[in-house]
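What follows is each chain in one-letter form.
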Amino acid sequence: MDIYKKRTTGFIVLLTLIFGYVVVSSISSSRHSATITTEIIPSNTTVKLNGKGIRNGKHKVTPGTYKLLATREGFKTEEREVTVRADEERYVGIALQSNSEDTSDWYTKNKSDRIKAEGIASNNFDQNNSEQAQLNPLFQQLPVSWNHGMTSIGIGPSSRRENQTAVIIQEDSTVGRSSLIKWIRDQGYNPGDYEIEFTDYINPALED
Amino acid sequence: MNKKRFITYGFLSTILFVSVVLAFNYFTSFQTLSISFAHNSLKAEIYPANSGDGADELSYIHSLVESVGEDKTVRLKKGTYIVKSPQSGDYKETLTRVVLESSKESVFIQPDYTDQKLNNLLTQESTAIHTAIAAKYRRIPELYTISQGKLFGQGEWYATTLVYKNQADLYQSDTLRIILHKDGDSWKVATTPPEIIISKVIYPDIPSFVIDGANNL
Numbered sequence: 001m002d003i004y005k006k007r008t009t010g011f012i013v014l015l016t017l018i019f020g021y022v023v024v025s026s027i028s029s030s031r032h033s034a035t036i037t038t039e040i041i042p043s044n045t046t047v048k049l050n051g052k053g054i055r056n057g058k059h060k061v062t063p064g065t066y067k068l069l070a071t072r073e074g075f076k077t078e079e080r081e082v083t084v085r086a087d088e089e090r091y092v093g094i095a096l097q098s099n100s101e102d103t104s105d106w107y108t109k110n111k112s113d114r115i116k117a118e119g120i121a122s123n124n125f126d127q128n129n130s131e132q133a134q135l136n137p138l139f140q141q142l143p144v145s146w147n148h149g150m151t152s153i154g155i156g157p158s159s160r161r162e163n164q165t166a167v168i169i170q171e172d173s174t175v176g177r178s179s180l181i182k183w184i185r186d187q188g189y190n191p192g193d194y195e196i197e198f199t200d201y202i203n204p205a206l207e208d
Numbered sequence: 001m002n003k004k005r006f007i008t009y010g011f012l013s014t015i016l017f018v019s020v021v022l023a024f025n026y027f028t029s030f031q032t033l034s035i036s037f038a039h040n041s042l043k044a045e046i047y048p049a050n051s052g053d054g055a056d057e058l059s060y061i062h063s064l065v066e067s068v069g070e071d072k073t074v075r076l077k078k079g080t081y082i083v084k085s086p087q088s089g090d091y092k093e094t095l096t097r098v099v100l101e102s103s104k105e106s107v108f109i110q111p112d113y114t115d116q117k118l119n120n121l122l123t124q125e126s127t128a129i130h131t132a133i134a135a136k137y138r139r140i141p142e143l144y145t146i147s148q149g150k151l152f153g154q155g156e157w158y159a160t161t162l163v164y165k166n167q168a169d170l171y172q173s174d175t176l177r178i179i180l181h182k183d184g185d186s187w188k189v190a191t192t193p194p195e196i197i198i199s200k201v202i203y204p205d206i207p208s209f210v211i212d213g214a215n216n217l
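So the sequences go chain by chain: A and B.
Just so you know, we're using this note's numbering here: the first sequence kicks off at 1 and counts up by one.
Just so you know, we're using this note's numbering here: the second sequence kicks off at 1 and counts up by one.
No lab work stands behind these hints, which were simulated from the structure alone.
Source: prediction; values computed, not measured.
Just so you know, even glycine gets a beta-carbon here, dropped at the ideal spot from N, CA and C.
One or more hints might be untrue.
A few chain A residues that face chain B, going by a derived Cβ cut-off under 10 Å, partial list only [stated by the list, open to error]:
#1 Phe11
#2 Ile168
#3 Asn190
#4 Ile202
#5 Asn203
Using 27 Å as the maximum straight-line C-alpha spacing, the simulated BS3-like pairs for lysine-lysine come out as follows [unchecked claim]:
#6 A/Lys76 - A/Lys58
#7 B/Lys117 - B/Lys43
#8 A/Lys116 - A/Lys60
#9 B/Lys104 - A/Lys67
#10 A/Lys5 - B/Lys4
#11 A/Lys182 - B/Lys150
#12 B/Lys150 - B/Lys117
#13 B/Lys77 - B/Lys104
#14 A/Lys52 - A/Lys6
#15 B/Lys104 - B/Lys72
#16 B/Lys200 - A/Lys67
#17 B/Lys43 - A/Lys5
#18 A/Lys60 - B/Lys104
#19 A/Lys52 - A/Lys67
#20 B/Lys165 - A/Lys182
#21 B/Lys72 - B/Lys84
#22 A/Lys182 - B/Lys200
#23 A/Lys6 - B/Lys3
#24 B/Lys43 - B/Lys84
#25 B/Lys104 - B/Lys84
#26 B/Lys84 - B/Lys117
#27 B/Lys150 - B/Lys104
#28 B/Lys4 - A/Lys6
#29 B/Lys188 - B/Lys136
Could you put together the complete structure from these sequences and hints?
Dropping the structure here:
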């Protein structure tokens, strides 16, 4: 009798475990994972992701938008909104800037943090470029030029949006500019999806 | 006897377990969709959609899932649907793609006006629009011809081209584009300055179809 009781108990436990596994795996398979990698200096900065304290490194999260808050006495608080899609890895690097005299030369005095700050700037630049290229496949085809370089379509820093890239069109004639817009369309891109700056064009509508 | 009982219990437990799993999967395979309307003359039809193959708008025709004539919440199998609001009076047909997954979704049916209705409105609004452009850029009427342009949506967006009058100028005679938005009773220039191409990244608050419409005038 005892042996059957034990077997029955074991059987039920096994079924419960299988059931639990099925439920958990069906739930987890419906929620793709994503990763947010944080690198925030100086050390001992308090970092919160959606209000929960975290350390520098990789954090598995469900896809979505998160609020990242970095605070440390003597430094300006940084708040970022971080959006990650399924199976995406997103890097967030922040070197907090001083807001008091005590910490004004922090990165000069602390060699280790200075080196890390340079690395963060480099990683942010790479990530920004990579994102821009992914978002704007046209960028991967540029620059192109005609007429011995007198006419060109390239990319460069936007004059209207900080840290963003714009398509730069260099061409002084109306007909030429129109042809270059047509060239963008002919490549399969919608010019309206990009910020386009015309270096050789003075907008008459703005003249006084 | 005990062995028989053990086998019976085991069999029943397995049946129970499988039933629970199936029931769980069944009940979690549905999601809620709320549909509401901007106007009570509108109605909606819900059709299943093929996911992401670009044929969604064509594939719904044969299999109506539900027809909705008033604000209503329906429970549907998880998946992708097309909510179609057929043309009604001054309102255009609209198609809205909805993905029902882990969270409840809602669709607010607010169709654009038909082209005929928008053209009628444009006749009434034309003077006010030209006045607003001239008030913002005083040299535009002098340098450019303001084309007839087009209203979008429910008549709250307007886009037009500005054609340079001196076409002999080879360097500055680009056609510019401008978008205005009706704010209450008055029109305001929404894209400053007028440009050769209006960019969605510069004006994220202006609907894409309005910017595309302006760039294709």
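Hints, verified against the model:
no. : hint                : verdict
1   : Phe11               : holds, 6 Å
2   : Ile168              : violated, 13 Å
3   : Asn190              : holds, 7 Å
4   : Ile202              : holds, 7 Å
5   : Asn203              : holds, 6 Å
6   : A/Lys76 - A/Lys58   : holds, 24 Å
7   : B/Lys117 - B/Lys43  : holds, 19 Å
8   : A/Lys116 - A/Lys60  : holds, 23 Å
9   : B/Lys104 - A/Lys67  : holds, 23 Å
10  : A/Lys5 - B/Lys4     : holds, 13 Å
11  : A/Lys182 - B/Lys150 : holds, 22 Å
12  : B/Lys150 - B/Lys117 : holds, 12 Å
13  : B/Lys77 - B/Lys104  : holds, 12 Å
14  : A/Lys52 - A/Lys6    : violated, 44 Å
15  : B/Lys104 - B/Lys72  : holds, 13 Å
16  : B/Lys200 - A/Lys67  : holds, 25 Å
17  : B/Lys43 - A/Lys5    : violated, 62 Å
18  : A/Lys60 - B/Lys104  : holds, 25 Å
19  : A/Lys52 - A/Lys67   : holds, 10 Å
20  : B/Lys165 - A/Lys182 : holds, 22 Å
21  : B/Lys72 - B/Lys84   : holds, 15 Å
22  : A/Lys182 - B/Lys200 : holds, 18 Å
23  : A/Lys6 - B/Lys3     : holds, 13 Å
24  : B/Lys43 - B/Lys84   : holds, 8 Å
25  : B/Lys104 - B/Lys84  : holds, 19 Å
26  : B/Lys84 - B/Lys117  : holds, 20 Å
27  : B/Lys150 - B/Lys104 : violated, 36 Å
28  : B/Lys4 - A/Lys6     : holds, 16 Å
29  : B/Lys188 - B/Lys136 : holds, 9 Å
Checked against the numbered hints above, the structure breaks hints 2, 14, 17 and 27 and satisfies the rest.
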